[in-house]
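> Residue numbers (our numbering), protein chains in the order written: chain A, 1 to 209; chain B, 1 to 209.
Any given hint could turn out to be false.
It does not matter which identical chain is used: a pair holds within one copy or between any two.
Stated by the list, open to error - Cut-off 27 Å, straight-line C-alpha distance, at most; resulting in silico cross-link-like pairs (DSSO-like, lysine-lysine): (1) K12 / K63; (2) K24 / K63; (3) K12 / K24; (4) K12 / K177; (5) K177 / K3; (6) K177 / K24.
For the record, the hints were derived by calculation from the structure and aren't laboratory data.
Protein chains: 2
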Amino acid sequence: MFKIYDISMTVKPGMQVWENIASKQPSIVNVSNHGSGQAVYESRIDMEVHCGTHVDAPLHMLKGGETIESIGLEELVGYARVVDLTHCRDCITRADLEPLGLVRGDWVLFKTSSSFRDTFDEHFVYLKEDGARYLIELGIRGVGTDALGIERAQLELPTHRSLFRNQVIIVEGLRLKDVAPGTYFMVVAPLKLTGIEAAPARAFLIGGM
Amino acid sequence: MFKIYDISMTVKPGMQVWENIASKQPSIVNVSNHGSGQAVYESRIDMEVHCGTHVDAPLHMLKGGETIESIGLEELVGYARVVDLTHCRDCITRADLEPLGLVRGDWVLFKTSSSFRDTFDEHFVYLKEDGARYLIELGIRGVGTDALGIERAQLELPTHRSLFRNQVIIVEGLRLKDVAPGTYFMVVAPLKLTGIEAAPARAFLIGGM
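Just chain A, with the same shape it has in the complex (with noise of 0.2 Å):
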């Protein structure tokens, strides 16, 4: 029998969101409640498309680049590695990643001491761009992190626009402290968007499939 692992953040008011800024904070709002005589309650959420666990598109850093739409589920579909980052301090380097054994046509989750945690991190350990040269030599079909994002402190952001020139897919915000490191059956499946950057997404693991 399979077992499923939910990697995907809770999405409500106070969660960790990008650099803790404020406006990027979802709400939820509720628009019909029993107690008001309603028969039915109904709720509306507003949040930014990057909240949580979220798939970019190359719009997001590429003028002009593509929408979240050109990303099929197909892509974000099946087998993937999740690999065990957790003694990387700062960034993830090549060196770092050299010795994982990844090959062409992988999808490799990092899972860092972000997945620890449920603060933003201003010093989350990130994708450094030579991490990122090494995955698009090899010919990886995507990246998944748990931090909310794949990159800081670099200027151009070069992590996410080779990623993202290379039709290297990007997934942000994962949960991986109850994964152990190995391979599973992935579905990364985000709301059916069009014409933006990115899309909010639930992701989960089956494990023994």
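Put chain B on the given structure of chain A with help from the hints.
Here is chain B on its own, set in the frame of chain A:
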């Protein structure tokens, strides 16, 4: 090799919404754009949680009912049967369901005339109370429909309420036009929300798995 059928509605301004009520439309707002001298393109989305393809939780129609996080991914991922009910004109009754050979534990997705239109149909084919009672008797785990609702035209909402009271999960707003009747591996992936009555979802079927 498996084949993926995306059975989700695209969420965008101008899409079909319940009873064409304007306040139920989603809105997408750009908050940062390359053209404005920013390095990044970023958007927010504001939507009803019943917009497009979504999962309902009991709180939607039962005062004090369970909220969306009570429905785990284990209940939304697994084999499901797509059944052809395109011949039904007004509603789906017990008599329409009996010939289908549904059995305890099945997940069932109704393919009706709603899959063939992209505008709200005030006369959409719905599940009549006696049909809901039949699904409950059988011990069906969940029911999905391609209409924006599983029910209309019934006082006191007995279809919703009886399904909710008996832990039958309800998914609404599927797109099944391109899916032949049969058994598929189903993924319904709602946004990971908490404390409210529903969540928008990406849903897909995998054939040949």
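> Run the structure past the numbered hints and jot down the numbers of the failing ones, going up.
none
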